[in-house]
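**Q** In order, the protein sequence lines correspond to chains E and Z. The numbering of the first sequence is numbering that gives the first Met the number 0, which starts it at 0 and goes up by one. The numbering of the second sequence is numbering that gives the first Met the number 0, which starts it at 0 and goes up by one.
The reader is advised that the hints may include incorrect statements.
[What the hints assert, rightly or not] Chain E side only, calculated, beta carbon under 7 Å to chain Z, not exhaustive:
1. 70
2. 73
3. 81
4. 85
5. 89
6. 91
7. 93
8. 98
9. 99
10. 102
11. 103
12. 105
These aren't lab readings, by the way, just hints derived from the structure by calculation. This one's a predicted model, so the numbers in the text were calculated from it and none came from an experiment. Glycine is no exception: its CB is placed at the ideal position from the N, C-alpha and C atoms.
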Amino acid sequence: MATLKLTALEKTYPNGHRALHGIDLEIDDGEMVVVVGPSGCGKSTLLRCLAGLETISSGELAIAGQRVNELEPAARDIAMVFQNYALYPHMSVADNMGYALKNRGVPKPERRRRVAETASLLGLEALLERKPGQLSGGQRQRVAMGRAIVREPRVFLFDEPLSNLDAALRVQMRLEIRRLQKRLGITSVYVTHDQVEAMTLADRLVIMNGGRIEQVGTPLELYARPRTRFVAGFIGSPAMNFLEARVKDGEIIVGDGSVLAPAADIQGSIAVGIRPEHLRVVDAGEADLTARVEMLEPLGADTLAYCRVSGLSLPLVIRLDGGAALAEGQTLAVKLPLSRLHLFDLDSGERLPWHSPETSIV
Amino acid sequence: MTTFDNHRVTPWILLAPQLLVVAVFFFWPAFQALQQAFYVEDPFGLGRSFVWFDNFTRVLASPEYHRALGVTVAVGVGVAVGAMALALLLAVLADRVIRGARVYRSLLIWPYAVAPAVAGVLWMFLFDPGLGIVSHLLAGVGVRWDHHLHGDQALALVIIASIWKQMSYNFVFFLAGLQAIPRSLLEAAAIDAAGPWRRFWSITFPLLSPTTFFLLVMNSVYAFFETFGTIDATTAGGPGGATRTLVYKVYEDGVIGYDLGSSAAQSVILMLLVGLLTLIQFRYVERRVQY
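Bound-form chain E, shown alone:
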């Protein structure tokens, strides 16, 4: 068990591609940090740098306060779960799990005991003699976990470990990983592109974009106060709505001229963000906007309404109760609760400081 400290970590590939632009991050002992971002954002590179599978171009990586930049993967005392599991196909489950112990010179009886212990923790006892080829996807995933756990490493690294599983199994394994990580209390870094997975697993989330960290925080912090428009759009499903707006004479004006709220210190064009679940359908008198329903997506508990608002280029997505009586082509009177608005600079995408007249619920 250990802390992890990344200081101005950079990775530039020999072909000149700069994958990481100075990553600063501190991870506490026993913490589960999930790194999430779109493909190509550098999250996998970051993980591979932590593992020692890629060399670090500059900056420092410290595990438990000790610099490990120059250490081989084996010497860093980390364990990694790969996306394709990377189980050794010619070895039995027991040999797969015991391989790292064998290489570290752990005597056979102890090796056997530890493998058996881990197997019972994961419900793999019956499968120990099988080859990976004879296992289902979920079982392979579990063996990959077992191989990481059996070593009792200081740090766990997960590289999109659930992306090869079907949806139902993914939810189940997600819970299992969380349960195991809590129980073992091993510092973990988990990389994924799936924001639901990220939200549910993380003690803290790291949002990456273009080789940089956009924001670090607990899932709910990021949901409630995204620091940039990128984070706002990335966290939450369905994604946040962004409305083009301008501030004139201290008032926010959206689309074809509806005045939304006073805004004292802001000038020019901005983007107003509001989540689909925070929009409210009201009586015509209280409405801020009228929206015409173009398409409905009934999800059972909720229905997503994709609406067109005059003066706005992007469709507005509203999350409504699944029981609501709706029809395509209908017009809705929509209210934007001021406490739920997020304002972003249109150019930089930075969050604009703004205190809504209503009390903020964070």
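Start from chain E and add chain Z according to the hints.
**A** Relative to chain E, chain Z alone:
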């Protein structure tokens, strides 16, 4: 019904070219050899007499035949092990090359395009006691190389030339096999504290075993049959039969010695031997192969 009938005929028509080639160049000669093995025939083909198994018993009892068998085993083991080990080494090295990999690999594949006789002559010149560069260098370290005189040196020359020729073929397969091993397995092994040496023997090598097994069969067949061209060009079976393999003896006895009955009997035995060897390889070695 016509379409049904057509479908019964079509496969045969499609197979016909291949079947024709196999029939003319394998089954017919094989049958001829089998038939001839039971006759003694005069060199001019004017008369022959049926002798039952006399040809076989004579061949099997002859010390020359035993010696040729020994030479064949030496060439077979030497070539198969040498060509595969070197090819694997080169493939592992080539697999790591990042810059100019394509050029490097193409160059390693070239020897396969060289005809066996040309390869043989090439090596003969390199090792020629009077002109050869290698023999000159060997003389520098005190080795007197003359494969015209020393049987073991002639055997070594044949094996070296055959290895050089076959290595490219093996290299191509080993390289393809290596590249089919997922990178993440070796990365996982590195994290699991396996050094490069152990990584190779406990992960890479077992995963290559289907390729290795296939090449073992191919190399044995190569060493038994296709080294003929190399031997004929370099040593012609000499000196004193030191490089006379079973195949070369079949040629010597039949084509040069005109003892067609004995030659045919030998080729039948050789056919059985290679068949048996392949069978053993498939039955016993394949079980250990990790697919």
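**Q** Does the interface hint hold: is residue 93 of chain E within less than 7 Å of chain Z, judged Cβ to Cβ?
**A** violated, 14 Å
**Q** Return the status of the interface hint for residue 89 of chain E: holds when the least beta-carbon distance to chain Z is below 7 Å, violated otherwise.
**A** Result: holds, 4 Å to nearest chain Z Cβ.
**Q** For the hint on residue 91 of chain E, just tell me whether its beta-carbon gets within less than 7 Å of chain Z.
**A** Nearest chain Z Cβ about 11 Å off; hint violated.
**Q** Under 7 Å, Cβ to Cβ, is where residue 98 of chain E needs to be relative to chain Z, so tell me if that hint holds or is violated.
**A** Holds. Min distance 5 Å.
**Q** Does the interface hint hold: is residue 102 of chain E within less than 7 Å of chain Z, judged Cβ to Cβ?
**A** holds, 4 Å
**Q** So, residue 73 of chain E near chain Z? Judge it on the closest CB pair being under 7 Å.
**A** holds, 4 Å
**Q** Taking 7 Å as the limit, does the beta-carbon of residue 99 of chain E come near enough to a beta-carbon in chain Z?
**A** holds, 4 Å
**Q** Any CB of chain Z closer than 7 Å to the CB of residue 105 of chain E?
**A** It is violated, given that the least Cβ distance between residue 105 of chain E and chain Z is near 10 Å, above 7 Å.
**Q** Can residue 103 of chain E be said to touch chain Z, with a Cβ gap under 7 Å?
**A** At about 5 Å, which falls below the 7 Å cut-off, the nearest Cβ of chain Z leaves the hint on residue 103 of chain E intact, so it holds.
**Q** Would the stated hint for residue 70 of chain E survive a check requiring a Cβ distance to chain Z of less than 7 Å?
**A** violated, 12 Å
**Q** Measuring from the C-beta of residue 85 of chain E to each C-beta in chain Z, is the shortest one below 7 Å?
**A** holds, 4 Å
**Q** Should the hint that residue 81 of chain E touches chain Z count as held when the rule is a Cβ pair under 7 Å?
**A** This interface hint holds because 5 Å falls under the 7 Å limit.
The structure shown violates the earlier hints numbered 1, 6, 7, 12.
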